[in-house]
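*Asks:* For reference, the chains in residue letters:
4 protein chains.
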Amino acid sequence: MSKPIITRAQFPFWHTIEVRWGDMDAMGHVNNARYFTYCEAARIALLRQLDIRGRAEGSAFGPTLVATSCEYKREVRYPATLDVGVRVTKLTERSFAMEYALFFHGTEEVAAVASSVNAWVDYTVKKAVPLPDELREVLSRYQ
Amino acid sequence: MSKPIITRAQFPFWHTIEVRWGDMDAMGHVNNARYFTYCEAARIALLRQLDIRGRAEGSAFGPTLVATSCEYKREVRYPATLDVGVRVTKLTERSFAMEYALFFHGTEEVAAVASSVNAWVDYTVKKAVPLPDELREVLSRYQ
Amino acid sequence: MSKPIITRAQFPFWHTIEVRWGDMDAMGHVNNARYFTYCEAARIALLRQLDIRGRAEGSAFGPTLVATSCEYKREVRYPATLDVGVRVTKLTERSFAMEYALFFHGTEEVAAVASSVNAWVDYTVKKAVPLPDELREVLSRYQ
Amino acid sequence: MSKPIITRAQFPFWHTIEVRWGDMDAMGHVNNARYFTYCEAARIALLRQLDIRGRAEGSAFGPTLVATSCEYKREVRYPATLDVGVRVTKLTERSFAMEYALFFHGTEEVAAVASSVNAWVDYTVKKAVPLPDELREVLSRYQ
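Chains as they are written, first to last, in the numbering used here: chain E, 198 to 340; chain S, 198 to 340; chain F, 198 to 340; chain D, 198 to 340.
Watch out, some of these pointers could steer you wrong.
When chains are identical, the list treats them as one kind, so a pair holds in a single copy or across two.
[Claimed, not checked] Computed cross-link-like contacts, DSS-like style, restricted to lysine-lysine with a CA-CA straight-line distance of at most 25 Å:
#, residue 1, residue 2
1, Lys-287, Lys-324
2, Lys-287, Lys-270
3, Lys-323, Lys-270
4, Lys-287, Lys-323
5, Lys-324, Lys-270
Treat the hints as calculated values from the structure; they're not laboratory data.
Hey, can you work out the whole structure from these sequences and the hints?
*Replies:* Here it is as structure tokens:
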């Protein structure tokens, strides 16, 4: 009944986040919304490595977020560095899902686990379209 | 098999969000993380109405977020006003869950649906403790 | 030698800001950077009223910030509403300067006074160009 | 009459900022308010090195911002790394001023120059008080 243990070995891609003092809120810890900014940074770093660009960079086709979630396990306070592990968890005809684990730098302690689903979108008509085969192939390597 | 339709009548508490130009990101729409800031604003407005304060205001006991999620239905671009409906969806011994629907102001069009789970925490020892009966009672009225 | 008193009567344009809980930082008050987001919201509201759009909306010419400043007079804590008064303080050949006064809602108490300088830019070549006469005329009415 | 050239050699303290994708706004570049978050990160890194803590960390005395400013020289777009140089420019009886230069990583190109003034405050009574001698001495080494 216990949850599966999350380990670094499960994640093929890593992005480091330096927590900024201003990421904290009036509770004196990193604000809940900021975790999504951290995951976004990690996701975009991975997509760029795969040469996948979005509407902000002039692409006609690209990813659009349709869902996100986060489970907060440990408070994070400045100063802190987080190692964000990313893996692809699901590939459908028109979308890909990712999971993120935010580890305290250099430890096995998990601050949060998060997820995202991106549709693959034709920005001109704002409709989800099938993932190109080469993209599906390249993403599958990060499962 | 279709998803249940979300209507305003399902939500007992409302909070209005004026979208700021700076809420948009390089995609030219409201950034995914900002929706959690909007829900946080609505949640705290409700909690304050119920006279529930958190650590930031010196309380020894109070809510701490343990999970959040959001489904993005429609892009939001400045200028826009959102009506955020809030309802309590679950009360457990030591936590309460809420659902949020972000409607475009004065319409039945839903921009996003989100959720949160808060543990009830003894901030001194950083442990979840049972929800006080009167809090459980008052939250149950928002179901 | 005392500073001139700032009054509401000095400002021809007004924009209301609802402070969000998430605007506060670990000091338990509105973060210093957020004041610039508030002024940006007020500035863009005024520019839109004057039908001036920027690069984000597809204009070939428009404003670009070259300088900002803020003097913090009073702490702002959630919950709070701020009335941001805006006036044009200077028009040069290729730029316009604005001053902002952030009043606590419905009072004469000033939370902060801020300023901005915008160059008028040809976005294609990223160079400042002369302000069109009609824009200069319309901005001069807000002095 | 030309402005003095800003060089790295003028700055005794350095802090590195990794620009996050989410720091960009709808103009497709780093938002003007974010520069103050970058300077805040650099300032707090320096203050921590000097063992100066603020109200967020339980100190009874500490710094409070009274003024900030920024001149934007070059657009910054993700991906980018900024090297923020910091120096103390003024020490008064009850305040200290700092200047920041945001260089593109590893270059002499300046993206922005910023400043801040902090009062030294007795947080209990919310009044500026004289800078302790040892603090004055330690800050003077960063001039």
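*Asks:* Next step is simple, just say for each hint if it's right about the structure.
*Replies:* Verification of the supplied hints:
1. Lys-287 <-> Lys-324: Intra 20 Å, inter 34 Å, cutoff 25 Å: intra-copy only.
2. Lys-287 <-> Lys-270: Intra 23 Å, inter 20 Å, cutoff 25 Å: intra and inter.
3. Lys-323 <-> Lys-270: Between. Shortest inter-copy distance 12 Å satisfies the 25 Å Cα cut-off; intra-copy 36 Å does not.
4. Lys-287 <-> Lys-323: Answer is within: at 22 Å inside a copy they meet the 25 Å cutoff, but 35 Å across does not.
5. Lys-324 <-> Lys-270: between (36 Å within a copy, 12 Å between copies)
The structure fails none of the hints (numbered hints given earlier).
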